[in-house]
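Asker: One letter stands for each residue in the lines below.
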Amino acid sequence: MADEVRNDLKYTDTHEWLKLTGNAAKVGITDHAQSELTDIVFVELPDVGKEVTKGDELCVVESVKSVSEIYAPISGKIVKINNKLEDTPETVNESPYDDGWLVELEIKDKTEIDNLLDAESYKKTI
Amino acid sequence: MLDKCFVEILNYSNCIHPQGKIMVKRSPLYDLQKKIGARFTEFAGFEMPILYTSIKDEHLAVRKLVGLFDVSHMSNVWITGEDAEKLISLVTVEDASRIEDKKSQYTAILRDDGTVIDDTIFMHLGDKYMMIPNAGMDETVTKWINKKAKENNICATAKNVSEDYVILAIQGPKSRDTLQKFTKTDLKTVGFFGCQYANIAGVNCIISHTGYTGELGFELQITPPEKAEDLFYKILDAGKEFGIKPIGLGARDTLRLEKGFILAGNEFKGGRTPLEALMSWTINWDHEFIGKDALLKQKEHGDYERLTSLECIDKGIPRHGCEIQKDGKKIGKVTSGTLSPCLNKGIAMGYAHPDFREKDSILDVIVRDKPIKAKVVKPPFVPKDWAQQH
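Those protein sequences? They're chains A and B, same order as listed. Take 1 as the starting number for the first sequence in my numbering and just add one per residue. Take 1 as the starting number for the second sequence in my numbering and just add one per residue.
For reference, chain A alone in the conformation it holds in the complex (with noise of 0.2 Å):
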């Protein structure tokens, strides 16, 4: 079965995606990262108002026998974490771009999403 990738998302090549709405950007990783990953059983999530710099760990996703860093597509400050996810970590495998999502970045510097891809750039990744 072919790994979803939504147009209206941005992507990173390390297989993050990002979805712009106003001044914010909801974070998660794509279809491809939660079926490479398989049986997500633990994420880690940061605090609530911890700045980030592009590059920097966002959070840790584990499976039964992997950790794996996400790191932080753009730079920005966490305003919002999905805390469902810790009772319910196997929901970024269910729903990986709705339910499933990560944390929520208040965007510190929009320049840097243009070195984003776009979803076809992104499909040429995987």
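Hints were generated in silico from the structure; no laboratory data involved. These figures come from a predicted structure and were not determined experimentally. Watch out, some of these pointers could steer you wrong.
What the hints assert, rightly or not - Calculated pairs, DSBU-like style, for lysine-lysine (alpha carbon to alpha carbon, straight line, at most 35 Å):
no., chain 1, residue 1, chain 2, residue 2
1, B, K359, A, K54
2, B, K103, B, K147
3, A, K84, B, K375
4, A, K50, B, K330
5, B, K25, A, K124
6, A, K50, B, K240
7, A, K80, A, K124
8, A, K84, B, K102
9, B, K292, B, K345
10, B, K188, B, K102
11, B, K299, B, K269
12, B, K359, B, K259
13, A, K80, B, K375
14, A, K110, B, K370
15, B, K259, B, K25
16, B, K315, B, K269
17, B, K345, A, K26
18, B, K370, B, K359
19, B, K64, A, K84
20, B, K359, A, K84
21, A, K26, B, K326
22, B, K292, B, K259
23, B, K34, B, K329
24, B, K345, A, K54
25, B, K143, B, K181
Assemble the complex: chain A is given as a structure, and chain B must be docked to it using the hints.
Answerer: Chain B alone, transformed into the frame defined by chain A:
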């Protein structure tokens, strides 16, 4: 982020080719596994399936139904000669004269200083014995045994035949029902740790009532390897009605850890004795064996670290190498850790001094600089009747 580190599975060092190239071996069933969707990892110099669909699903299939593993990365060594029994008694902690024909035994091979070279099963098959050392240990164990035979004028030899065999493990409550379809041998007569020659679906092999999952299960030693492919498919087909799944090394590791079984590359790393690794129960003290004097001294002294089992209270997954602390002070390191698919909790093993390992003591495992509270428990983490309760 997809540079996933399979933290636990990859602790073995690679096989380095004399020219400096890394030499990775494959199971004779590699192509078959690729065809049916396996994802591979390197383990102890072998490229083996880590999972087919999901470690969690595969794990639960073995606990509740049945699973089929290719464990051909494990080694096969024949011990033959008129003094074969004497040689095994010298190089392992077991007195082989106690092990009747058609019985197998789990034991350890020690250095002179009492530390473990490898843990292994040996099977008594008529006038010879087959030993199953760990993956990548075939040459080390064979050379060691032959050296000791020579030094002690024992008329027996070890022969590494690892490449001549495929090893399949069929594990889970429905393993016997699955295999029984293929053989006239009444598998109920093959008792726990029993072993014998048998014909399974027209293939002559050695069958043993053994495994590494803590469930009812059997292992098949198949030679020549070409005969295994057809049998692999046949077993999957016969097990369909019970919900059989092919199982990768990922679930093999979580299944063994839930039962508190040790993994050589993890728990013996750096030189541990069987007393430290809680293998005292395997030692037969009433015979002479290599390493015995060192063990007796250690036993008398008493003050040594012992393998300790931890069940996490806080959320978080302990991994190999995580520090274990008591009141902020380092007291040990995790040798194996995972999320337990049955308990849905972090579980771990590591070495700790007796002062800190009393049952129900609370310790911290440091995961990414944060302490995760964990309780000292007595293994197994998952009891025998777990599948009936869930």
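Asker: Which hint numbers doesn't this structure obey?
Answerer: Checked against the structure, the hints that fail are numbers 1, 6, 8, 9, 21, 23 and 25, while the rest are satisfied.
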